[in-house]
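From just these sequences and the hints, can you work out the full model?
Sequence order for the protein chains is Z and D. Numbered according to this note's numbering, the first sequence terminates at residue 328, and the numbering increases by one at each position without gaps. Numbered according to this note's numbering, the second sequence terminates at residue 1321, and the numbering increases by one at each position without gaps.
FYI, nobody ran anything at the bench for these hints, they're computed from the structure. Please note that the accuracy of each hint is not assured.
Said to hold, decoys possible - Within a straight-line C-alpha distance of at most 30 Å, the following computed DSBU-like cross-link-like pairs (lysine-lysine) qualify: (1) Z:Lys-45 <-> D:Lys-1270; (2) D:Lys-1123 <-> Z:Lys-273; (3) Z:Lys-259 <-> D:Lys-1270; (4) Z:Lys-64 <-> Z:Lys-259; (5) D:Lys-1270 <-> Z:Lys-212; (6) Z:Lys-208 <-> Z:Lys-137; (7) D:Lys-1057 <-> D:Lys-1175; (8) Z:Lys-209 <-> D:Lys-1196.
Because the structure is a prediction, the values reported are computed rather than measured.
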Amino acid sequence: MSEMLLQIDSLTKHFPVEKGFLSSILAKESKVVHAVDEVSFNIMKDETFSLVGETGSGKTTTAKLILRLVEPTSGDVRFEGRSIFKLEKDELRKLRSNMQIVFQDPFASLNPRETAGEIIGAPFKIQGLMSKSDRRKAVLELLNMVGLEPAPMCFDKYPHEFSGGQRQRIGIARALALRPKFIVADEPVASLDVSIRSQILDLMQSLKKQLKLTYLMISHDLSVVRYMSDRVAVMYLAKIAELAEAKKIFASPKHPYTKALISAVPIPDPRVKMHDVLLKGEIPSPINPPSGCRFHTRCPIAKDVCSEREPALVEVDREHLVACHFAQ
Amino acid sequence: MGQNLLSVNGLKTQFPTLLGVVRAVDGIELDVEVGETVGLVGESGSGKTVTALSIMKLVPPPGRIVEGRILFNGANILELNEAEMRRVRGEKIAMCFQDPMTYLNPVMRVGEQIAENITLHEKLERQQALGKAIEMMDLVGIPHASERCQDYPHQLSGGMRQRILLAMAISCRPKLLIADEPTTSVDVIIQAQILKMLMELKRKLDTSVLLITHNLGIVAQLCDKIAVMYAGNIVEYAGTAALFDAPKHPYTETLLGSIPRLDLDTKSLKIMRGSVPDLINPPSGCTFHPRCPYAKETCSKQTPGLEAIEKGRLVKCLLYN
Chain Z
1 MSEMLLQIDS LTKHFPVEKG FLSSILAKES KVVHAVDEVS FNIMKDETFS
51 LVGETGSGKT TTAKLILRLV EPTSGDVRFE GRSIFKLEKD ELRKLRSNMQ
101 IVFQDPFASL NPRETAGEII GAPFKIQGLM SKSDRRKAVL ELLNMVGLEP
151 APMCFDKYPH EFSGGQRQRI GIARALALRP KFIVADEPVA SLDVSIRSQI
201 LDLMQSLKKQ LKLTYLMISH DLSVVRYMSD RVAVMYLAKI AELAEAKKIF
251 ASPKHPYTKA LISAVPIPDP RVKMHDVLLK GEIPSPINPP SGCRFHTRCP
301 IAKDVCSERE PALVEVDREH LVACHFAQ
Chain D
1001 MGQNLLSVNG LKTQFPTLLG VVRAVDGIEL DVEVGETVGL VGESGSGKTV
1051 TALSIMKLVP PPGRIVEGRI LFNGANILEL NEAEMRRVRG EKIAMCFQDP
1101 MTYLNPVMRV GEQIAENITL HEKLERQQAL GKAIEMMDLV GIPHASERCQ
1151 DYPHQLSGGM RQRILLAMAI SCRPKLLIAD EPTTSVDVII QAQILKMLME
1201 LKRKLDTSVL LITHNLGIVA QLCDKIAVMY AGNIVEYAGT AALFDAPKHP
1251 YTETLLGSIP RLDLDTKSLK IMRGSVPDLI NPPSGCTFHP RCPYAKETCS
1301 KQTPGLEAIE KGRLVKCLLY N
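If you want it as structure tokens, here you go:
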């Protein structure tokens, strides 16, 4: 039985909307952007858990909250049983060596004025535990681990001297430096060429086995999510719509939104025809989310109760949770 | 057998730089028949966007077309002067670009921007042109078009902005629409809506489409024929079903094998070794040979030609020549 590594408990983040001078005098209430609303789930040790959703779903903000890169409005995140929001500076720094992130954009996330060696060595420098020569050894080992060879040569190169895929490997090496238990991969291959993606996904899989890592992957690419994930949570407008094992959620989705998402993806096989587009319109504003079930404005099976009462996220099948009054 | 609306022969487009000449498009053949949707598939550096810009004669200087012919309805548009080309561009051949925020004027209302393209090609009063612009916005599925035409680009969502770009492109009912990554910047549900609308538009306006993308799912669903580009060359050209059933070129085969499927359990992914080649000093012989799982010695010495192995199937690979 796998142990729980992370517990996310009713996590909420509202961002204040900046108002003009007149509106702050005339308007009665401040408006907020509902980025994450009462999101709860667990991440088990050694699993790859994915958060999927479109823009504005809250998946990236959720990841940032889990890493405490953003402070929550309410709710809790517990890592190995301890609340991360209650930790003091020193304890937080120790925690940070256990929780790392690989960013989406291999260009933007690397300092163009630092060599690969300096970028990957930075976590060691910040933790202040190693001598320069020990640091160099550790960085060379990491370069080899992520397939950047010959390591001594790559050590001295600058980001612009590497290809996109190689830069992403640098980002991964940096995340691995402190031997974390948990890594957030935020759209790890979205910015890479299609043919390079499999190299990086493969690398992530082998590193996961080798170093016993737990991944939280954020992605909008359902095919990648299906390939990489053990469990998946689908988010819509700051809430979880469905949560289940990857195999189950893609083979038999229960939430109408999940069904629509899956049917919208064009399959790279002309014999598998695309279904009709089920959803009309666009995602509503996160400042004024719809009443009741947030999806009701676009839902093909919405009834009256859907605009009145918000459905709870409940287990409808073994380990398969859905937030829908009419989930089948 | 359809008639060729567009026929690209031996096109070479190059960019001189301080480090040497970038051979962005290095001798390609491409046909689009009347009523067809042709997919041009490739990754970054393949030359697909430069191909589109060459067809539109919009290659940014110092880049220039150095060789080849581009026949549109039989006439070589490379021989037209700029005034003549302006009557073709936007009216007969139109292009829709990838990133709406870059290609829309932020200080001009969207209706006016569409109308602007119309008045460039047709003698219409401003009000009439605006009326047509609203019609176009309706056609591309923008709700409440008569009100939205007054909006500025920043007031619209990404999906709506992409539809405005499409509306601009089709405003003069072009015979050929070149759509360069028309859905890369939008979410998957909006993508599905836009692609569906694009295909309906094609039927309604009787337009042929050259669809440029790296997304193999999109070309599988929408295209009649597919040209696969790599490092400035077309390496494979086939009907869609034939290409996906049995890809011939090693690049195509590895590419198709490297993408995970949403509808199936993918056991493992093919890995494409190495990275995109230097277009200033491309590899000798076949440009793909350093990454090819089937490469032999001759592949680094001899450059294969794009040759027909069956009717309607072309491959640029020594395995087949």
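Results for each hint:
1. Z:Lys-45 <-> D:Lys-1270: Given that 30 Å is the threshold and the Cα spacing comes to 28 Å, the pair holds.
2. D:Lys-1123 <-> Z:Lys-273: 43 Å, violated
3. Z:Lys-259 <-> D:Lys-1270: Measuring from Cα to Cα gives roughly 28 Å; hence the hint holds.
4. Z:Lys-64 <-> Z:Lys-259: Cα-Cα ~27 Å, so holds.
5. D:Lys-1270 <-> Z:Lys-212: 24 Å, holds
6. Z:Lys-208 <-> Z:Lys-137: 22 Å, holds
7. D:Lys-1057 <-> D:Lys-1175: Given pair D:Lys-1057, D:Lys-1175 holds - Cα atoms ~17 Å apart, limit 30 Å.
8. Z:Lys-209 <-> D:Lys-1196: Violated, because 42 Å separates the two Cα atoms, which is more than 30 Å.
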